[in-house]
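Engineer: Spelled out, the chains give:
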Amino acid sequence: MATLTDYKGQVPAWCPGCGDFGILNALKATLVEMNIEPHEVVLVSGIGQAAKLPHYAKGNTFNGLHGRALPPATGIKLVNHNLHVIVTTGDGDCYGEGGNHLMHAIRRNVNIKVFVHDNQIYGLTKGQASPTTLEGTLSKTQPFGVHANPFNPIAVAIALDCSFVARAYTAEPELLKSVMKEAINHKGFALVDILQPCVTFNKVNTYKWYQERCYHIDKAYNPYDRVEAFKLSLEPFTEKIALGVIYKHDKPAFEDYISIIKDTPLVKQPFQLEKMEKELLNFY
Amino acid sequence: MATLTDYKGQVPAWCPGCGDFGILNALKATLVEMNIEPHEVVLVSGIGQAAKLPHYAKGNTFNGLHGRALPPATGIKLVNHNLHVIVTTGDGDCYGEGGNHLMHAIRRNVNIKVFVHDNQIYGLTKGQASPTTLEGTLSKTQPFGVHANPFNPIAVAIALDCSFVARAYTAEPELLKSVMKEAINHKGFALVDILQPCVTFNKVNTYKWYQERCYHIDKAYNPYDRVEAFKLSLEPFTEKIALGVIYKHDKPAFEDYISIIKDTPLVKQPFQLEKMEKELLNFY
Amino acid sequence: MDYTILIGGEAGQGLQTIGGALSKLLSRAGYHVFSHQDYMSRVRGGHNLYQIRFADREITSPRSKADILVALDLKTIELHKGELTESGIIVYDADFIKKTFDSPEYLHVPFDKIAVESGGSKIMSNTAAVGAVLGMIGMELTVFEDIVRKAFRKKGQEVIDKNLATARAGHDFATRECRRCSFVVPKTANSGYMLINGADAIGLGALMSGCKFYCGYPMTPSTGILNYMGSKAIEYGVMVEQTEDEICAINMALGASFAGVRAMTGSAGGGFALMVEGLSLAGMVELPIVIAVMQRPGPATGLPTRTEQGDLLFTLYAGHGEFPRAVFAPGTPEQAFYLTNKAFDIAEKYQIPSFIIADQYLVDTEWTFVGFDTKKLLYNDYRLSGDALGKTGEYKRYAYSENGVSPLAVPGLSKHLVVVDSDEHDEEGHMIEDGETRNRMVEKRLFQKFPLIRNEISPPEYVGPPNPEIVVAGWGSTYGVIKEAVGILKDKYKIGMLHFSELYPFPGTEKFDFMSLLFEAKLTICVENNATGQFETLVKASTGYGFGVSIRKYDGRQFILDELIGELDGYANRL
Amino acid sequence: MDYTILIGGEAGQGLQTIGGALSKLLSRAGYHVFSHQDYMSRVRGGHNLYQIRFADREITSPRSKADILVALDLKTIELHKGELTESGIIVYDADFIKKTFDSPEYLHVPFDKIAVESGGSKIMSNTAAVGAVLGMIGMELTVFEDIVRKAFRKKGQEVIDKNLATARAGHDFATRECRRCSFVVPKTANSGYMLINGADAIGLGALMSGCKFYCGYPMTPSTGILNYMGSKAIEYGVMVEQTEDEICAINMALGASFAGVRAMTGSAGGGFALMVEGLSLAGMVELPIVIAVMQRPGPATGLPTRTEQGDLLFTLYAGHGEFPRAVFAPGTPEQAFYLTNKAFDIAEKYQIPSFIIADQYLVDTEWTFVGFDTKKLLYNDYRLSGDALGKTGEYKRYAYSENGVSPLAVPGLSKHLVVVDSDEHDEEGHMIEDGETRNRMVEKRLFQKFPLIRNEISPPEYVGPPNPEIVVAGWGSTYGVIKEAVGILKDKYKIGMLHFSELYPFPGTEKFDFMSLLFEAKLTICVENNATGQFETLVKASTGYGFGVSIRKYDGRQFILDELIGELDGYANRL
Ligand SMILES: Cc1ncc(C[n+]2csc(CCOP(=O)(O)OP(=O)(O)O)c2C)c(N)n1
Ligand SMILES: Cc1ncc(C[n+]2csc(CCOP(=O)(O)OP(=O)(O)O)c2C)c(N)n1
Ligand code: SF4
Ligand code: SF4
Ligand SMILES: [Mg+2]
Ligand SMILES: [Mg+2]
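Residue numbers (our numbering), protein chains in the order written: chain L, 1 to 284; chain Z, 1001 to 1284; chain B, 2001 to 2575; chain V, 3001 to 3575.
For the record, the hints were derived by calculation from the structure and aren't laboratory data. Given the structure is predicted, the values throughout are model-derived calculations rather than measurements. Every residue, glycine too, gets a C-beta built ideally from N, C-alpha and C. Check the hints yourself; a few may be wrong.
Taking lysine-lysine and the PhoX-like style, the derived pairs with C-alpha atoms no more than 20 Å apart in a straight line are [unchecked claim]:
id, chain 1, residue 1, chain 2, residue 2
1, V, 3540, B, 2540
2, L, 275, B, 2376
3, B, 2376, L, 278
4, B, 2098, B, 2081
5, V, 3099, V, 3122
6, L, 268, B, 2415
7, B, 2522, B, 2490
8, Z, 1248, Z, 1187
9, Z, 1275, V, 3376
Derived Cβ-Cβ restraints for the label pairs, each shown as a range [said to hold, decoys possible]:
id, chain 1, residue 1, chain 2, residue 2, range
10, V, 3550, B, 2376, 38 to 46 Å
11, B, 2371, V, 3522, 58 to 66 Å
12, V, 3401, B, 2376, 53 to 61 Å
13, L, 235, Z, 1239, 29 to 37 Å
14, Z, 1011, B, 2123, 26 to 34 Å
This is chain L alone, in the form it adopts within the complex (with noise of 0.2 Å):
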């Protein structure tokens, strides 16, 4: 049985009171309540205040590139689909540098867990504006204001057809924790955007500002119904911002058409030599 101890790792050198330490506890619950035990996760993550999650968890970890971590994270579960892969990354890391590993990510469906930290606001490098920014916020590095419209990761999820999207806020443990369990027990790849304040950048997307608008979706909501999913995503931002699983859709993860790897996974697979020798035959 895992328990919390087990999954102690280092002291976090997040700044105090930031959003982050929510979403670390939770995971840490989450997978203690699955009774996971490290061994058997991944943890991957690319550059960011975020991504830095693995080393303050406990798992087996790949600590990758800023903005990289989906393309390891697939490699990984396509050679060892037992393995459980989470993602841990920032607004800046998974829609931002990442972009395109994301809209791939989500078309290949591989069985796959993405927790994003978002924060609104480029935390690592001093705050910069993110893709999720909002529209007017001036900084050193947008001199005219943010004009670009803020990503929406739920809208585009839900248009690439992702199998699971969700929002939560770290502030709200109880429901981070199912969502984060529903993301896991979910065959196929989840994308759940994890409102995350960051307490020194961030002075206008504070934890106020995040209580003030959240609301859990109602128990009666079908996740199922793509267009009505693509409707509660487009509720205004400012306004009211909905938390729970937003979209879902059953279908076969993308492991399950490679028919090499069935039944076994392939780093269990050997290697032999000898089989192969016919090969040359082709070649005279």
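The hints should help you fit chains Z, B and V with the ligands onto chain L, whose structure is shown.
Structural biologist: Frame of chain L; chains Z, B and V with the ligands shown alone:
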């Protein structure tokens, strides 16, 4: 007055019967009909069969890297917004290699026009699956078959609140031209996905295949309704394919927010070192 | 006997079918074959070439003349008639190209008509062409018939019969009509050779080295490797994935490597340019990976379907920061096969990225060999897995060790955790910032491992007399042409070839003192298929040595035997 | 007089406020200042340093000892008390760090209490600290008061007054309590220096070279340049855009350059790795662009906030295919200013990519200078626009010319069409495949332009006696420390510094025969802030020359004056 002869470029190296010809002809005709002269146009492209178009027409031309047409197009427009900046690109170029730029260019809403030759295949590199290739397709490089969900550019563009989203078909020149015209007249980023049979490598999505499925969007249709547009975009592509303007959103273009180019394009602004002398004082 | 058949026509006209069949049947009939292709970046039209040289002795390069010119279009005749040897013949279908030539060196064979009459369809005109060529050189059809039977097995007996009839008709027509044909192709005692091109050799090498994961994005001239791996994926259980871009490719391959299998990716220089950050990641996380860099003329898109050796220094120094790598540059498909195997071995042994660098020319040329010996292949499983892993008391991914190599555990196969990090890290793999750990890790990666990797590198191959007056050096795909040219000039001069196929770490002189060959020669010449002499830079940076003469070619084409002989002779003469 | 103030504390405690204010006021008061920072990759907590050295003569490097240690936390005391000079003082707030030290070298100043009492809020404790330091060194408050007034102008008189009162209180407290303070800081006659760091100097250089387009993606240590350009965007009409990634950045900048304005981008090595394909594009399309590569320790993420000279060879050889480039490596903020200007000039004159390569150390160090002279700046508009463009009869983007440089027309300003293409192209800019055109274009880009670019490169700077026995060489940011170390050792040895700030094309010896300095010296030493000696490789590849001794540092920190003197002395002694 520009004439078709003014737009005559090099002899195309496309296969006889390729759907690219229809797009080339429509584009030239559109520019002539709109009385735009070649020197007022910049044709920007990446690499692929589609991306060769600029050489087969006339205009200022930036034929850059595979997947990277949108960044230079954005740079060009911001430096000289008097120019008509038109991007000619392929489904691989724009939705595959260049996916991240597409997402963020749509978010920026710079007033550039993107005409995607969508042949649902990689033509120039001889027949690999592209992001829009239908599920199940087998190819040399897709030994397990294509199992990624086909990329739906219309749905994704709507999710990104792209200010102009349309679909056309190379074999319907009148509709294609009218969509091109509307796109060029529209203020803001315009994405036109143009169905284009690849007679050599795509044996599924042929002229006949498209002909059987394509239909014109009803005149009564309101392209300003985002949810309706999304619904339309979800029509099963293998059954029916709507042609015409699917979504529109009138809003300021990115350039409109850039105070420094309000009056004069950047390229026409003189460099005045004298005015900068005082900058040195900040360091004392 | 040493003949060259040149087939020319538009893209899409079936050059590859004709050329492929001829190469195969000639090699199977026991001749040495060397074929190469010259094609444009388009799918239909344009002007492409397929050149097949065959002989009764080893040949390793293309020649400039053609003995038989198979002209599938008029342009081929216009452009290449000047390349015909004195006794050469141009074979063409006057009906198809709508023009007749009366000079004796022209042979009209109505490919289309023969195909329709004997096979019932124009589709078979390529078969007629192959038959005709065989008739011209007086070769029997038996071997070709075998190939036809095999190739069309799945299409049924009728198709086979029609093709056989068409081949026969083409053969008979040419035998009858080509009165001027004087080609002498004696039967050989050889039982047939293996025929393989560079791309397949790399793919085969990967497969036979236990590569279980290949991902990439199509790009000429690297697509052949991806295609080969794709074609074997299901049979041998290799995960092959086309990624959305090259950045994904290298990062996904690193994920696969982390998860415990041998992984590879590849591209052309332009696609590799996008992998450079990922390469640096491989260096930091110390994960094995093999990367194929298949060069084509740059910069940027350049000449997509042509050849150049223009990405050597880029490959050597790509990636920010400092980390070890190994770079192999095969000179032949055979070397490509064995060096790919070595690349996999070294990558895993030292947990580093290792490279196969080749070019369009090598990728597309087919060579004949007696055969590859799988017993020569290295396969050591350097991973820590199974029992050994389970029994490990404490596991640290970057544990300091005597040789700088830490145990490479497979995650998920035991309770041990495997942690890799792109930041500078401690032994466990967690981020650090202190200078001491940094120093230890730099020393581990660079100072401990690098000399060991350097030790694995074989010295260059020298072919020539013991004390050469002239040394011709080269690397990678120029092997064949230099070897053959030097072989021909050896009667005139004391001349030898020094060929490098293991480039980096640059070989030391411990095993073979090749530097003194250079120092003692009167004339040293470096032959490179690029404009700036990148290999010369590597040699100078490594040894301080500068070559006497540089022969460089950068028009996007490979060296041609006759031209190189002429150039070498010119310099040698002046000695 | 030569004192060092070391301020230590956690990220977020205001080190930069205190350090910035002290540096500024000292330089304004007419002292030479050299400051540098040492910080962790985190936003709060950890352990950061700000070191300010000031003197009454030129100083150009950091020292290892501190005369005043401003300890904002306990860790600073624990870690750095050993670095105190004999007469040094540790100033701290015993209330805040909850510990009192009794030894005479400790001075407790209740920063927080003073701030609350005089200013009404703890926020002003940094002001109290600055005041206290000034009290300790016996300096008047006038200059600081000026700075305070200016800094808080927008916040109103009340805030100003409170800060002034706090500063005064801190000053008085320290003056009164620090009985052991024996610092002698004589007034200077200098009217105050300019104080600037590397990042701002590059930004300022770009601005003053007519840069109109800067785009990039944040990455330490290049973000400072982006910030600087952003801060000037509106005032001077510069388009500044944060892109979605670095790939976009370079391609967007190339679009801007094509459209007719001077464009620049920049990143750290890891971000530059993503620009490599775009760099090759610049080479092929022949568009001017300036790229700032700000190095930090790699590979991969490495040590994000530390320093290293680890990306030199990568920068030199990045990009597939062959094309010319220019690489400048400033040694000081002043050089950064002028070389950025030169980079812009050369980029546009020859239509090539040109580089400014520096590192975290140079980016973050502040130096004092008498001033920059804008009259020394080059500004030639090499574009074909306006009347000249209108009058051109026929325009071809890649017209062959005597020097390989074709007219650079601005699209849209005339009826002429400007066509650029990443494929190999003809004079007009359209795709070609033939070998002849390819050869002409390679020759134009490389053989015609390269020697001209090489001619523009200035030789290295030599400081020392005419016939040195010892030559210490270096490049880029090691300038200051080598210069100062050699300056100190010059009384003991015949020693000189040879510093390279224009690296590529590697300078010839026509203007200054620096090679014979090296050949004739008894001992040559190459100092590099990396592990593999990348500059040594460049020198060897360019000249065949190998240095006698290598001094390398790769722990992520810059060289420290005292250490370098020690190392140099060690080698020199053995002569
Ligand atoms: C290729 C590359 N570009 C830029 C960076 C610098 N960088 C590190 S983290 C980061 C932004 C992180 O933002 P986000 O993903 O939102 O994470 P947060 O810190 O806000 O949690 C950037 C730009 C990098 N490490 N690599
Ligand atoms: C970085 C890079 N990767 C790969 C390629 C090779 N390549 C050229 S075109 C192309 C695909 C083109 O597909 P698409 O955009 O759909 O155009 P089409 O040829 O179908 O019109 C590829 C993979 C390249 N030129 N550059
Ligand atoms: S900067 Fe923001 S995101 Fe980063 S640790 Fe601090 S509060 Fe959290
Ligand atoms: S390969 Fe396909 S897309 Fe390319 S030119 Fe031929 S038909 Fe058109
Ligand atoms: Mg963030
Ligand atoms: Mg396509």
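Engineer: Please flag the earlier hints that this structure goes against, numbers listed from lowest up.
Structural biologist: Checked against the structure, no hint fails, so every one of them is satisfied.
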